[in-house]
Amino acid sequence: MSINPFAPAAPVHRAPAAAPPQAPLPSAASQLRIISPEEAKAEALDFYRHGLGNGETTHWPCLNEYWTWMRKEITCITGYPNHGKSRFIHHAMLIKSAFDGWKFAVYVPENESDFYVEMAQMLVGRTANIKFADRRMSEQQLEQAIDWLAAHFFVVIAPEGATPKQLLDSFEQLHEARGLDGVLIDPWNQLMHSFQSREDIYLSEQYSMLKRFAIRLNLALVMTAHPAGSVKDKNGKLVVPDAYSISGGKMTNNKFDNVMATFRPAFPDPAVELWVHKIKKQGRVGKPGQLNLTYDLSQSRYFPEIGDAQHPLETVSFNAPGAVPAINDFPASQFDTDPAATRKGPAPF
Numbered sequence: 001m002s003i004n005p006f007a008p009a010a011p012v013h014r015a016p017a018a019a020p021p022q023a024p025l026p027s028a029a030s031q032l033r034i035i036s037p038e039e040a041k042a043e044a045l046d047f048y049r050h051g052l053g054n055g056e057t058t059h060w061p062c063l064n065e066y067w068t069w070m071r072k073e074i075t076c077i078t079g080y081p082n083h084g085k086s087r088f089i090h091h092a093m094l095i096k097s098a099f100d101g102w103k104f105a106v107y108v109p110e111n112e113s114d115f116y117v118e119m120a121q122m123l124v125g126r127t128a129n130i131k132f133a134d135r136r137m138s139e140q141q142l143e144q145a146i147d148w149l150a151a152h153f154f155v156v157i158a159p160e161g162a163t164p165k166q167l168l169d170s171f172e173q174l175h176e177a178r179g180l181d182g183v184l185i186d187p188w189n190q191l192m193h194s195f196q197s198r199e200d201i202y203l204s205e206q207y208s209m210l211k212r213f214a215i216r217l218n219l220a221l222v223m224t225a226h227p228a229g230s231v232k233d234k235n236g237k238l239v240v241p242d243a244y245s246i247s248g249g250k251m252t253n254n255k256f257d258n259v260m261a262t263f264r265p266a267f268p269d270p271a272v273e274l275w276v277h278k279i280k281k282q283g284r285v286g287k288p289g290q291l292n293l294t295y296d297l298s299q300s301r302y303f304p305e306i307g308d309a310q311h312p313l314e315t316v317s318f319n320a321p322g323a324v325p326a327i328n329d330f331p332a333s334q335f336d337t338d339p340a341a342t343r344k345g346p347a348p349f
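Letter by letter, the sequence shown follows residues 1 to 349 of full-length UniProt numbering.
Hints in this document: simulated from the structure, not taken from any laboratory.
The beta-carbon is built from N, C-alpha and C at its ideal position, and this holds for glycine as well.
One should not assume that every hint holds.
With a straight-line cut-off of 20 Å between C-alpha atoms, the simulated EDC-like cross-links for lysine to aspartate or glutamate are [stated by the list, open to error]:
(1) Lys72 <-> Glu176
(2) Lys287 <-> Glu56
(3) Lys103 <-> Asp169
(4) Lys72 <-> Asp46
(5) Lys131 <-> Glu118
(6) Lys211 <-> Asp200
(7) Lys103 <-> Glu118
(8) Lys232 <-> Glu273
(9) Lys278 <-> Glu65
(10) Lys278 <-> Glu314
(11) Lys72 <-> Glu172
(12) Lys165 <-> Glu205
(13) Lys280 <-> Glu65
(14) Lys281 <-> Glu65
(15) Lys211 <-> Asp147
(16) Lys281 <-> Asp242
(17) Lys281 <-> Glu43
(18) Lys165 <-> Asp200
(19) Lys287 <-> Asp114
For each label pair, taking beta carbons as the anchor points, the in silico distance ranges come out as [to be verified]:
(20) Asn254 <-> Asn82: 47 to 55 Å
(21) Ile130 <-> Ala266: 40 to 48 Å
(22) Gly161 <-> His50: 24 to 32 Å
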């Protein structure tokens with residue numbers, strides 16, 4: 001048998017080459033999704049029919065016009081020392097908690113030791129100070145107030161050198177245990193901030209982290225921040241601080257949903273101006289503008305210069321002068337302009 005070495009070889013059937021393995025999507029991209037038409041329509045109808053997506057009432061009509069509580073949003077409040085930024089937001093938190101049962105985790109390193117006493121004075125509308133016997137609350141009132149406050153406000157004491165991320169981790173653990181509605185960082189500059197790059201890049205990353213935290217846990221997050229320094233006009237008078245008064249202010253204005261400032265134009269006069277500089281969702285949360293308030297030291301409460309002569313917390317039964325402390329539910333708010341708002345549960349007064 002002869003073999004022709006030049007004859008064409010018989011065809012060889014080979015399996016097709018396997019496609020190269022597809023590179024896995026980056027972790028961030030793998031989590032991307034598109035909102036479906038059904039989901040978009042459902043959210044739109046909830047907003048149309050029920051107002052879902054509007055801010056929640058503060059139970060203080062004069063404030064509702066400018067700012068309301070909105071879950072998943074971050075709010076920054078600035079102001080010079082002793083101009084009332086901390087006391088103002090504590091006041092707003094207390095009213096919200098009293099009427100809707102909201103629970104807050106608070107980081108208040110400048111005010112840890114007397115936070116509960118000051119909040120009790122605000123809640124009762126009387127002092128706990130032995131120096132002022134004529135307008136002093138009873139010991140029973142103080143005990144009841146502290147018991148209620150301790151069930152709604154959780155003071156987080158962070159170790160020296162705690163970072164924003166470490167504080168948020170503590171907040172999240174508390175949220176899992178207690179079920180929070182809001183958190184307060186008061187103030188921002190008491191946390192440890194270390195960055196190798198530019199300050200604006202660092203702040204952009206940190207503020208984005210705050211926003212993601214609020215969205216993921218469905219919380220309202222409020223932060224206070226001191227101005228970088230005092231700014232005066234040509235006549236030597238302090239000017240109203242805004243987002244740009246804070247160190248890295250451009251990022252504050254870019255990243256926060258809402259920016260407000262407290263300002264005392266005739267310090268130490270008790271007149272306080274609340275300047276609402278930025279509201280991202282105008283028409284849903286509030287609007288920019290100015291609200292004039294007066295701080296009543298004897299009651300530890302703010303009152304508007306015009307309107308709302310009675311304070312919302314006066315509906316707490318034992319706050320009436322001479323009233324006997326009693327376990328009772330809060331009555332329906334007479335100050336609530338939102339008929340759809342409901343309370344989560346009773347208060348023990």
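Hints, one by one, checked against the model:
| no. | hint | verdict |
| --- | --- | --- |
| 1 | Lys72 <-> Glu176 | holds, 17 Å |
| 2 | Lys287 <-> Glu56 | holds, 14 Å |
| 3 | Lys103 <-> Asp169 | holds, 17 Å |
| 4 | Lys72 <-> Asp46 | holds, 17 Å |
| 5 | Lys131 <-> Glu118 | holds, 15 Å |
| 6 | Lys211 <-> Asp200 | holds, 16 Å |
| 7 | Lys103 <-> Glu118 | holds, 17 Å |
| 8 | Lys232 <-> Glu273 | holds, 17 Å |
| 9 | Lys278 <-> Glu65 | holds, 13 Å |
| 10 | Lys278 <-> Glu314 | violated, 31 Å |
| 11 | Lys72 <-> Glu172 | holds, 14 Å |
| 12 | Lys165 <-> Glu205 | holds, 11 Å |
| 13 | Lys280 <-> Glu65 | holds, 14 Å |
| 14 | Lys281 <-> Glu65 | holds, 13 Å |
| 15 | Lys211 <-> Asp147 | violated, 32 Å |
| 16 | Lys281 <-> Asp242 | holds, 18 Å |
| 17 | Lys281 <-> Glu43 | holds, 16 Å |
| 18 | Lys165 <-> Asp200 | holds, 17 Å |
| 19 | Lys287 <-> Asp114 | violated, 33 Å |
| 20 | Asn254 <-> Asn82: 47 to 55 Å | violated, 28 Å |
| 21 | Ile130 <-> Ala266: 40 to 48 Å | violated, 31 Å |
| 22 | Gly161 <-> His50: 24 to 32 Å | violated, 46 Å |
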